[in-house]
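Number of protein chains: 2
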Amino acid sequence: MRIPNHIGIIPDGNRRWAENQGLTKEKGYDLGLDPGMDMFRICKELGVKEITYYGFTVDNTKRPTVQRLAFTNACIKAVQMLAKEDAALLVLGNSDSPMFPKELLPFRERKTFGKGSIKVNFLVNYGWQWDLAKLNEETNNSKLNCYKYINSNDISRIDLIIRWGGRRRLSGFLPVQSVYADFFVVDEYWPDFKEQHVHDALKWYSEQDITLGG
Amino acid sequence: MRIPNHIGIIPDGNRRWAENQGLTKEKGYDLGLDPGMDMFRICKELGVKEITYYGFTVDNTKRPTVQRLAFTNACIKAVQMLAKEDAALLVLGNSDSPMFPKELLPFRERKTFGKGSIKVNFLVNYGWQWDLAKLNEETNNSKLNCYKYINSNDISRIDLIIRWGGRRRLSGFLPVQSVYADFFVVDEYWPDFKEQHVHDALKWYSEQDITLGG
Chain F
867 MRIPNHIGII PDGNRRWAEN QGLTKEKGYD LGLDPGMDMF RICKELGVKE ITYYGFTVDN
927 TKRPTVQRLA FTNACIKAVQ MLAKEDAALL VLGNSDSPMF PKELLPFRER KTFGKGSIKV
987 NFLVNYGWQW DLAKLNEETN NSKLNCYKYI NSNDISRIDL IIRWGGRRRL SGFLPVQSVY
1047 ADFFVVDEYW PDFKEQHVHD ALKWYSEQDI TLGG
Chain X
867 MRIPNHIGII PDGNRRWAEN QGLTKEKGYD LGLDPGMDMF RICKELGVKE ITYYGFTVDN
927 TKRPTVQRLA FTNACIKAVQ MLAKEDAALL VLGNSDSPMF PKELLPFRER KTFGKGSIKV
987 NFLVNYGWQW DLAKLNEETN NSKLNCYKYI NSNDISRIDL IIRWGGRRRL SGFLPVQSVY
1047 ADFFVVDEYW PDFKEQHVHD ALKWYSEQDI TLGG
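Chains as they are written, first to last, in the numbering used here: chain F, 867 to 1080; chain X, 867 to 1080.
Hints may contain errors.
Unchecked claim - Label pairs and their computed distance ranges (CB to CB):
id: 1; chain 1: F; residue 1: Met947; chain 2: X; residue 2: Met867; range: 42 to 48 angstroms
id: 2; chain 1: X; residue 1: Gly982; chain 2: F; residue 2: Ile869; range: 48 to 54 angstroms
id: 3; chain 1: F; residue 1: Glu951; chain 2: X; residue 2: Phe979; range: 55 to 61 angstroms
id: 4; chain 1: X; residue 1: Leu1078; chain 2: F; residue 2: Glu951; range: 53 to 59 angstroms
id: 5; chain 1: F; residue 1: Lys943; chain 2: X; residue 2: Met867; range: 55 to 61 angstroms
id: 6; chain 1: F; residue 1: Phe979; chain 2: X; residue 2: Asn871; range: 43 to 49 angstroms
Hints in this document: simulated from the structure, not taken from any laboratory.
Every residue gets a Cβ at the ideal spot worked out from N, C-alpha and C, and that includes glycine.
Working from the sequences, and respecting the hints, build out all of it.
What follows is the structure, encoded as structure tokens:
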């Protein structure tokens, strides 16, 4: 089976999961922590070289405060959990804004934990417009290497994106790195994560041709 | 039923269709012309305000010459056919390159045919890197309106992308306009286009919530 170098993870459906359980929406986020760690371990064991979690976005911060605090806290906990693993960890997003939690400021530079065997990127207060804003005059060249000039330049091209929660869209997830990515949707909500979802995604991915737009 | 304002059309699978018919790959492109016109008429009747066809890309021009000439000719014919309809037509792509057919140079500025009732964008020798290359220093602002500074600034945000041919990826299609687009995949190849595919896509689309990343 061909294993993707880089998997993007869109862990959607936490609020819908909570509502289905008769809970208020913000209660869904903490239930996403264990799936996140499961996903990390599965990818590491399979030999995936890099993973990117879609934590929360600038758009998301416009939600009600109780939700914003809940997903922000869940992201802080997730990063702290990942920092106990064997990973080269980066938190990326607009840290000039008060929406970027101060607990995560030390992770804005990639830090090695353990042997740093897998690159782990965690997007926090990420915005696709913020990401592209750094493209500047030097880039006025149609053959440019866009990767060099964007704010997410330490995140490489994505091979496979797995989105939980049934939505079939990117929702602003890393537009440059995602241009050639294969996109697999799991209908179950993220808190209902099962290892089988990842195997289904990888089986499907390994049947796709890789053309990079060619 | 909620009708999307803007539909992106990725008409993939022409070469696989030709091979399945025992033809050489380049024979598949001309069979895509009638589906393209069907799609135009269906969208116009439904009241869609704008459609964008993914003609060919800078990446595609690296294919064997016989294929390149075939898809280039099919795109020229398609634009000439659309120019006989009631549409505001724009051909967009890197026209500084010899890969941009000279027959389509007059369409680089949007032209009104009939009453111009629907905006029709046709991407020819389009490259996502070329598209983003115009973002410049003025844009060094995380709240920028990216749309203003990209080469495809006359093409608006896409609500629904329909891709024929089973691949679940954007393949470099308008990364900025596609950030929030819902993505519907038809397994059949483009030459096997049926009106029902569009109705299936629209039915699915009208069941999706619209959050624009919120």
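Quick rundown of the hints versus the structure:
no.: 1; hint: F:Met947 - X:Met867: 42 to 48 angstroms; in the structure: holds, 44 angstroms
no.: 2; hint: X:Gly982 - F:Ile869: 48 to 54 angstroms; in the structure: holds, 50 angstroms
no.: 3; hint: F:Glu951 - X:Phe979: 55 to 61 angstroms; in the structure: holds, 60 angstroms
no.: 4; hint: X:Leu1078 - F:Glu951: 53 to 59 angstroms; in the structure: violated, 34 angstroms
no.: 5; hint: F:Lys943 - X:Met867: 55 to 61 angstroms; in the structure: violated, 42 angstroms
no.: 6; hint: F:Phe979 - X:Asn871: 43 to 49 angstroms; in the structure: holds, 46 angstroms
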